[in-house]
Amino acid sequence: MSSSQPHAAEVHAHPEMGFVRKYIFSTDHKIIGIQFLFSTLIFLVIGGTLAMLVRAQLGWPHAELPIIGNWFLDSNGGRMTETFYNMLFSMHASVMIFFVIIPMLVGAFGNFTIPLMIGAKDMAFPKLNMLSYWFMWPAFTLILISFFVEGGAPAAGWTSYPTLASAGMPAGEGLQSPAAPNSGHGQIFWLLSLLFVGISSMMGSINYITTIINLRAPGMTLYRMPMTTWAMFITAILQAFALPVLTVALLLQSLDKLIGTTFFLPPRGLEFGNWHTGPGGGQPLLWQHLFWFYSHPAVYIMILPAMGMVSDIISTFARRPLFGYKAMILSIAGIAGLGFIVWGHHMFQSGMDPRLGTGFMIATIMIALPSAVKVFNWLGTIWLGNIQYTTAMLFALAFVSLFIIGGLSGIFMAATPVDIYIHDTYFIVAHLHYVLFASSLMGIFAGIYYWYPKMFGRMMNETLGKIHFFFTFIAGNCVFFPMHILGTAGLRRRIPDITNTVFEAPLIPLNQFISISAFILGIVQIVFIINFFYSLFKGPVAGRNPWHSNTLEWTTTSPAPHGNFETTPVVYRWPYEYGYFDANEDSKPQTKKGEPGDTSQGHH
Amino acid sequence: MLACLALFVIAPSHGWWLPPGMSTHSEDVDFLFYIILYITGFFFILTEAILIVFMFKYAGHPGPAKAAPSTGPNIFQKMFPFLRDQHHVEMAWTVVPAAILLYIAFAQVPAWLRIKDRSKTPTFGGKQVPIQLEVSARQFEWRVRYPSSERLEKWMKNEGKEDFKSFGVFHNGQPKYKQMDDVPAVNEIHLWKGQTILVHLNTLDVIHSFNIPFMRVKQDALPGKTIPVWFTPTHANTRFDDKKQRWVDGINMETGKEDRKFYRWEIACAELCGWGHHRMIGRIYVHETQSDFFKWLKQTEIENLSHGKASK
Amino acid sequence: MLVKVGHCSAVLFLAVAMALSLSLSGCDSNSYSAAIRYLVRTDPLVTTDKLGEDRYNPDRPGQLPIFSAGDLREFPNPFFKDAAQEKEDNFFAQRKMIDPTKISAENRKTLQDALDEFFGTPAEPKVELIDTQARDKLKLSPEQLAKGSHYYRIHCLHCHGVPGNGRGPTSRWINPHPRDYRQGIFKFQSVNQVSKKGEESKANQKPSRADLMRTLQEGIEGTAMPAFNLLSDGDLESLVSYVIHLSIRGEVEYDTIKTNFELNKDAGTLDLKSRVNLKKYVKLKTPLVGQAWLDAQSDPIPVVKFPFPETDVDKMKESVQRGQDLFLADVEKLKKKKIEVAASCVSCHTDYGRQAKFRFDEWGTLVKPADLTRGVYRGGRRPVDLYYRIHSGINGSGMANFGGTLSGQQIWDLVNFVRVLPYKAMREKYGISIN
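Residue numbers (the working numbering), protein chains in the order written: chain A, 1 to 604; chain B, 1 to 312; chain C, 1 to 435.
These are computed hints drawn from the structure, not numbers from a lab. Backbone N, C-alpha and C define an ideal beta-carbon position, used for all residues, glycine too. Hints are supplied without guarantee of correctness; some may be wrong.
Claimed, not checked - If you anchor each label on the Cβ, the simulated ranges turn out as follows:
hint: 1; chain 1: A; residue 1: LEU222; chain 2: B; residue 2: ALA98; range: 24 to 30 Å
hint: 2; chain 1: B; residue 1: LYS309; chain 2: A; residue 2: PRO267; range: 28 to 34 Å
hint: 3; chain 1: B; residue 1: ALA98; chain 2: A; residue 2: PHE340; range: 17 to 23 Å
Chain A on its own, in the form it takes in the complex:
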């Protein structure tokens, strides 16, 4: 399947497939991408609901829960128990990270856009692609079952630090944990579920790397690929190298819990009142190293695709070439590369000697640099532009402005003495939500609004989209910006009732403000859901290239047919030929042949 032989390929002639082969067990990357999209949108609702419950407890810690408080919480005075609260935030984070952001960005958008943007018919391994989606289903099932097992869903944080998560009774005495009720069966389901997610992602990453290297259309050199594809490429490499370590960590903890190995149990064992684990031979810190070695690149997996998508979207709607294309690619690579050597910054307070930690600290501070370069480049892209304010563009610009906040707050943590103070406070929560919600998720919304016509052949409603945008932007900032203040005041994370300390109790009013904003934020997403599903059936039909964009996917029909392109495209330019050319056109698609006198601004 090399790209050096342009052959006049028609749309593949297939024997007519039944509904099941066509839409459920499909090997077509577009269908798989859409399957990922729908699954993750459902989990977005689940994760969001968990967050709403968290905010309800935080704003009014002593009150009864309305409605459900009277039903089944009588045994706890109408309030949620502390273990339930611990479970809520642990599962909120686990669901959002592993079942929303990563599958959405990498699974949905990666799958959908890569072959289309490089001019290929499909992925390099279509069946492997299908398998990578269906491997998510055991993960979905297991994580949902974990809510209903004895002890409940895991409540040791999404980070599942031993020994709270991993302590088990001595061999032969059952799978329950003496450390916490939820660290028994629930934790085991969580571990197994994430194993499936990891395997699914690893399959995907192999697929993406191979496709991008081997299946590009003729003329599509690496330096003519759009930023989205570059970002997906580098993200796939990140996943391929980081996931095996997570898999190992999950396996080790599963073995500890299931068959009584002692990878994370210190030599003397642990004591929980009358319950004594046996003696061990490992240490809890090992988990932290293994876990964060994956989870730090994971956070870059969660932002780089969004950055790539946003670069393309901004460029398209500002009608300007991307400022500093090569620098942008280098920054993505820099962020990814540096991302592998900074995992220790999550463990600065775990007893690390500064003489060891300095390396982590310097690398962490340096990551701010490529991120800053990217921000400046985005600003440079809209400079002298002709900005079209579609919903996708609004979300993309919001990404830029909010990522600035998220990135700058990260610098506080990189300076370790300051980190001593703000570690495990709401400052960290603010930072992570700015980069995950206010950046990644906004990038995801931008991508959905942008590629919706190509996926479904219809346009989403722009007015509803703008309402969705404004409320999300305002409410989102109202929720997460005050958390910086809360963190500065020292409010700790993962606390269901902050009235127990003198230094935290005065912060309740601010917490209530945040909670109310969060409820509004949650409710407003209904506008998006209505828009999404209504437009599926009743939206105006979309043309091939409603946004007048240059990249290859816009040269084919909307939605793209099976086989993607009627004829294999030939590429003559880089994707960012926007600007003034003459009175009639301000962009030159990648497939437009070069003419003498062409002043292509790209490097080739």
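Using the hints provided, position chains B and C relative to the given structure of chain A.
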């Protein structure tokens, strides 16, 4: 953006801000915090302002772009002739932030070493002999163990080096040389102003975090390990209340007035340790003088050795 | 157009935010809702501690305490072996346990109403029928109880349960399990449990308020009961009052069910004994329980003066060695010394407690004689606390009281021995060894 700025400005007046630092570490930490706040604040305002200006200035119209007027050098290029093309601009905004970031990186290393470098653990024969104690973090309380007042007094006079060292010997996270006359306390740590304290932090069950916001101290306690934590308080907050017949904190000892907001120094566990994590609160009582502290310690010792009131 | 949408959204957002904040600001109610009540118990009453064999391992997380009679049939609940399907009836047939769900709905309602009338609801707790002196001494005024109820709901309820039954949501997941106040038995106290000859039995006397305060302030080391000194003393006093209220109510309920109902083996129901008026019984029993609490407040354990200055090393050495002899002596040897005990120390604290087995206590949970080599004492580590434990035992758990059979001097010998036991250097100093 304006709202963000406003929030940062009004928050401190509301009391929603960094608690005033009460130890020698807080100078380091707060200085760094504020420097980074100003630098990031500057860049925040700069970039967001540029973004907003561009969003309005370049708000477009549908249809192809108009022919741009031939742009001569803009004001930046006039000010910095170096910025003559895109490459140079890229370099400029790569090198300048890099320099700033590297400054931040290296400026804070000495502070970090002062707070956490194990080779700088205060010990015998150093600047000041610290008081040692063991804090065992449990689900969900802080169990504290002091040496007896007799031993402590010897150490303060620079005597008993071997004894001092033996207190700090731990094996697999547990003390090797516990003594019958050690003084136990729970959820309370006492010391006196200007005196360094060395805490041997360990735990028997899960990971906790020894966190005192006012002292800018935070250290995770790991099962199986004993980790040294040290700090020196610069203010006192405790005096003996004759009416209640016990030591009370929350007093600003400089003015003598009660001030629960700024002089109640809590040890608040900062690593999720189970369902009682939010309730794992201790307190630091800093006495004004060494003699006050020993009054408390000796009183506690006597209570701990109580043989009861004989009834016959 | 865009700016208009933006402005409209911002205004709308602020309006909604303000509306919500105004309506929700009154939401942080600080006490139980009026709808929650103390329901008549449905978990089995335990009437004895002879519920099964001793064993080396405690119950697993999630198994005890039992919430319903059906729990007994679950594998691997510790009762399972002895309460297997066909033998389960034995527990109930022998009245080792009483299943209150077998009471008829009508009788339940009568009992429920009676208890509600005299003890109120969690939102408005009260204790009626006890005289004013008791109410004042025990600080059981409705104001104190309401305050205690508020703190109890926030801090205690998730382990100790709404009616103080030790069956809150967390109770199955900690070991030792939280105290069930409803039998009126408390373990760690300084109230005399030893009656003199001819006196009325003082077994299972109630603790003093100071004992309960001590437990709250210092926690119970080695268990999941933490020190609650994050609350002020005033708050803790109100909690003590509330716990006493729960205990009185619980004990009245326990005793009413135990005394007035008989198992009808054919129908499988618990029938009210003839000519019994439940409300009347409650009215009679409550003041008795209140009086018992009041009496306990002024009956401390008589402590003999410590016989020599502690700095006297030789005397201490002799005392410690005498203590060890007493500890290790078996029942026969002690009889020769004219000390009549049911069991000697070492017979329960096997190998100084290092190899002691778990046994059932009077609450139906598993408990182990303390490992005395560890230096962790749940009831307090002062010498006088150890004296209290040896003199008056630990109610409910099988630690007998020795105050009637050992002299004060002997108890101090044992205390000295126990205190020296965990420390190698001390053992060497005082010349004892434990191999």
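So, going through the hints one by one against the coordinates:
1. A/LEU222 with B/ALA98: 24 to 30 Å: holds (27 Å)
2. B/LYS309 with A/PRO267: 28 to 34 Å: violated (45 Å)
3. B/ALA98 with A/PHE340: 17 to 23 Å: Because 20 Å falls inside the window, the suggested range holds.
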